[in-house]
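Dock chains B and C against chain A, hints included.
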Amino acid sequence: MKTFPIGGIHPSDNKEWSKDKSIECIDLPNEVMIPMIQHIGAPATPVVQKGDKVLTGQLVGQAGGFVSANIHSPISGTVTSIDSYPNGQGQRLTMVVIKREGDEWVESIDRSTELKRECSLTPAEIIAKIKDAGVVGLGGAQFPTHVKLSIPDGQKAEMLIVNGVECEPYLTSDYRNMMERAEMMLTGIEILMRAIGVERALIGVENNKPDAIAHLNEVIARDAYRGIEVVPLKMRYPQGGEKQLIAALTGRQVAPPPALPISEGVVVSNASTAIAVYEAVQKNKPLIERVVTITGKSLGSTHNFMTRFGTSLDYLLSFSGGLPEGDVKVLNGGPMMGRAIVDTSAPIIKGCSGITILSGAEAARGKESACIKCAKCVSVCPMGLEPYLLSRLAKLQKWDVAEEHNTIDCIECGCCSYTCPSNLPLLDYIRIGKQTVMANIRSRAIANKK
Amino acid sequence: MATKLFASHSPHIHGGEKTHRIMLDVVLALIPALAVSTYVLGWRVLFITAVAVVSCVAFEWLICRFLLKRRSTICDLSAVVTGVLLAFNLPVGIPWWIVVIGALVAIGIGKMTFGGLGTNPFNPALTGRIFLLIAYPVQMTDWTTGVPDALSGSTMLADVKYAPELVSSLNFTEMLGGVMNGSMGEISAIALILGGLYLLWRKVISWHIPVSILATMAIFAASVGASYGGAMIYEFPLFHILAGGALLGAIYMATDYSTSPMTHRGMIIYGVGIGLLTMIIRLWGAYPEGMSFAIFIMNAATPLINKYVRPKRFGTK
Amino acid sequence: MNTLVLTVLTLSVLGILLAVILYFVAQKFHVEEDPRIDDVEKMLPGANCGGCGFAGCRAMADALVTRENIASLFCPVAGGQTMKNIAGFLGKTAPEKEPMVATIRCGGTCQKRPKVNHYDGAMNCAVVNSFYVGESACAYGCIGYGDCVSACKFGALSLNTETGLVEVNPDKCTACGACVKACPKGLIELRKKWPKNRAVYVACRSKNRGAVVMKACKAGCIGCGKCAKVCAFDAITIDNNLAYIDSEKCKLCRKCVNECPTGAIHLENMDPLPKEPKVVATPKSEVAK
Chain A
201 MKTFPIGGIH PSDNKEWSKD KSIECIDLPN EVMIPMIQHI GAPATPVVQK
251 GDKVLTGQLV GQAGGFVSAN IHSPISGTVT SIDSYPNGQG QRLTMVVIKR
301 EGDEWVESID RSTELKRECS LTPAEIIAKI KDAGVVGLGG AQFPTHVKLS
351 IPDGQKAEML IVNGVECEPY LTSDYRNMME RAEMMLTGIE ILMRAIGVER
401 ALIGVENNKP DAIAHLNEVI ARDAYRGIEV VPLKMRYPQG GEKQLIAALT
451 GRQVAPPPAL PISEGVVVSN ASTAIAVYEA VQKNKPLIER VVTITGKSLG
501 STHNFMTRFG TSLDYLLSFS GGLPEGDVKV LNGGPMMGRA IVDTSAPIIK
551 GCSGITILSG AEAARGKESA CIKCAKCVSV CPMGLEPYLL SRLAKLQKWD
601 VAEEHNTIDC IECGCCSYTC PSNLPLLDYI RIGKQTVMAN IRSRAIANKK
Chain B
1426 MATKLFASHS PHIHGGEKTH RIMLDVVLAL IPALAVSTYV LGWRVLFITA
1476 VAVVSCVAFE WLICRFLLKR RSTICDLSAV VTGVLLAFNL PVGIPWWIVV
1526 IGALVAIGIG KMTFGGLGTN PFNPALTGRI FLLIAYPVQM TDWTTGVPDA
1576 LSGSTMLADV KYAPELVSSL NFTEMLGGVM NGSMGEISAI ALILGGLYLL
1626 WRKVISWHIP VSILATMAIF AASVGASYGG AMIYEFPLFH ILAGGALLGA
1676 IYMATDYSTS PMTHRGMIIY GVGIGLLTMI IRLWGAYPEG MSFAIFIMNA
1726 ATPLINKYVR PKRFGTK
Chain C
6 MNTLVLTVLT LSVLGILLAV ILYFVAQKFH VEEDPRIDDV EKMLPGANCG
56 GCGFAGCRAM ADALVTRENI ASLFCPVAGG QTMKNIAGFL GKTAPEKEPM
106 VATIRCGGTC QKRPKVNHYD GAMNCAVVNS FYVGESACAY GCIGYGDCVS
156 ACKFGALSLN TETGLVEVNP DKCTACGACV KACPKGLIEL RKKWPKNRAV
206 YVACRSKNRG AVVMKACKAG CIGCGKCAKV CAFDAITIDN NLAYIDSEKC
256 KLCRKCVNEC PTGAIHLENM DPLPKEPKVV ATPKSEVAK
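Residue numbers (the numbering used here), protein chains in the order written: chain A, 201 to 650; chain B, 1426 to 1742; chain C, 6 to 294.
Everything hinted at is true.
Result set (DSS-like, lysine-lysine): computed pairs, CA atoms no more than 30 Å apart in a straight line:
#, chain 1, residue 1, chain 2, residue 2
1, A, Lys595, C, Lys120
2, B, Lys1628, A, Lys202
3, A, Lys202, B, Lys1742
4, C, Lys186, A, Lys650
5, A, Lys595, B, Lys1732
6, B, Lys1737, A, Lys356
7, B, Lys1742, A, Lys598
8, A, Lys595, B, Lys1494
9, B, Lys1443, A, Lys567
Which residues of chain A face chain C? A partial, calculated answer using Cβ under 7 Å:
#, residue
10, Gln289
11, Gly290
12, Gln291
13, Val542
14, Arg565
15, Pro625
16, Asp628
17, Ile632
Treat the hints as calculated values from the structure; they're not laboratory data. Ideal placement from N, C-alpha and C gives every residue a C-beta, glycine not left out.
Okay, chain A solo, but in the shape it has when bound (with noise of 0.2 Å):
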């Protein structure tokens, strides 16, 4: 069975908490707060005012930029406020407030269930499209999908490569996705090909969920979806990574950054992120809403929930009977990449594909010790790195020697720190010391444009 080349873990996968439980729709929340910024690039800027009535599906943010994205009311009501509030990390954000009145949907949208399968549109309809409902990547990373589609001149793409893997521990929504929502799914897949011009699809599945494999591998049968193909992949984290998910399907290693994977002739989207493209452009329905697992051991209950985002973590965990008493570690995402989230009244986003509650005895970092030089860290760093070395440079500030040691290779994946047996918090450092590079290698390119 395929997987990547070099590196990699098998946390225990922890699925089991929420994979069984079905998608369902809550009781919209009174009201939303709605970040102007829920992608990678420019915030979005308000285009409402205070006081003025929205409509579900209607655009509240203009994108900021080329790389940017669109923002939309996800219920219907007043805006009452426009104001800096703080998001999961305590920073204050530009947010709209919507207290809800009903849910009135904008006219144009499709709200009809019938999977509407044909599409005629050009790849450049079908990318406005995209651009129009404001998609950004659901994996996480809320890279706007209207970018990652325009190819640029000079290259071409072979293959559009769906990740359907959710290798991050406890998340279940793309899985979620892939049981319910296959057809239309698979139709998103389509459309993607279409867009960019490919005539084949992989879609790269984890061996972990053989229920999504069947059910996917039998949709495409029946409904004859041509030139698709769901590829198994034996489970190992970080499996959902961009570049190690070619690997494990193509066996091609997109090169060093700053080279992207259309230099491999491969565009890689989010198996969720095709459901969004679906509804944008067969539905007119703007992103407003997505799966979210609400997940966690010590929780009262687990959940997969149909989410408009702007919804407060709070009424989210209240289905769940609230947050447990305790030491408790709030994730948005899972626990190998998912953020802590300090304020549990922020909203959820774009990119949130799941909220993980940990206990504190699961999440508490181990006391520090010397390092024993066992380079664990470096046979499971799956770009090919050093991490004892880059997390040392970085404490020691030798950000030109890091630079040498390729630190800005590094995905942040966390194998590293999870692998110590020493308990260093090798990751932590390794991130400043990426950042602190990225921004030195912009500054000389600035200069050198000057």
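Same frame as chain A, but now just chains B and C:
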């Protein structure tokens, strides 16, 4: 009880591996060899091992407490490993006070001078052994004292060195099972291999270092053996792998984390170097056994290997 | 005997050969250098802190000797007198600079700025800052893991475990500026150093609105502007809900200190102005403390 929110960067979970657990695994892996050694050589084996372990731990504690004035690091069990390995490298009849001196050199000079676990450039147990070998050559090569039914006065390596044809008359089954002359830990090849397999299974060590050392030695010995003709082409390499400290060194001493390279390619270069040096010393050097010196020399080369042998960067040819 | 002769001969020949090679290499790669650079370097403190903007004292000495105009060069560690000596030695005009001192502009102690979460990762301010706002609700306050303390080469900074804040020892501070660069929140400023280490400054960097500040920290600046109104020297500006006292304009009149409703304006090594006429009546001994 109220809810207390924790925060940190990802990752938020840990694989559960701990330094002291790794060290404990090494000690566990050495127990079969210790048992065979005790069975063959008698209770004195346990006494010497205990002296070595206790003095290593005591010296580490004393140095942490009174010289470095920092929290003691004995809980990571690395001093225990050093103690056991030091004892395994000594003849059973050695006076106990020499063991204490060896422990002082191993921990005091070999390890703590450089900052303790992880920063020592040379394997501490080997530092101790080499010091003793040079300082107390008589006691260190006396293989009869204290042995119940004295086997013989010299090791097979020493015999074979000057009369290679002796190899053909050896009983390899006995060498495997555990009746050969030498240091306490070198007695039984099978017990050492068993422990090595345990370490591999626990992923404490990777195969790269032991295999490259033993393979290099075997190839080298085979080519030398071929020049003698006859069955020597396979008997000679087999003898060299089973005799002396080859297995103990390759599986337990050379794989010491802080003194061996970080990358798999580096480990192979390191292993090949040890294999070559061991054979050169064994065949043409002044000592019958060259394993400790070979490891020691390659320990010195490790920083250089780490500097020039990097892992393969993802996406490069 | 033969061996002995051979050995001596070989070694002698080798020695002569190497000496010749060394001589030619030294000739070939000789670098002409102004001997005064060595002298100036000796006069500099030798801390290699980088406070002058050069990589180390050697580079600074090189610049001092080679540049025509050294008015822009200043070693904050050595101070004005040494710079004058160096300038005199080189026959150039010395740069004039007032002594400065590092000031930490956060007064959010553990008591006044309660922790709302518990941080569990690497104990490093830059790491914390790259991830979230910190353990308190204030996004601008001192993180308290001491990046500045480890950046200081003179032992002038220390972490007070009781308040959770970093403190400056003005007598040890050389104003090299290493801590200013180290603080990810930009809390540290080099301010004019008054005699007896007196100082008045706004110990807050929060640009949040008053209500938000009050919620996170009881010692924060709410940008009310009362201080700016009483200042007779135009030293105080309010920008983004935050007061700032210009240390060049401030005359230490201390009027602003009494005006501040949250105590965000810190007064150091000076007695405050009497607040109300009544306060004058309190025994002097109490104030003298």
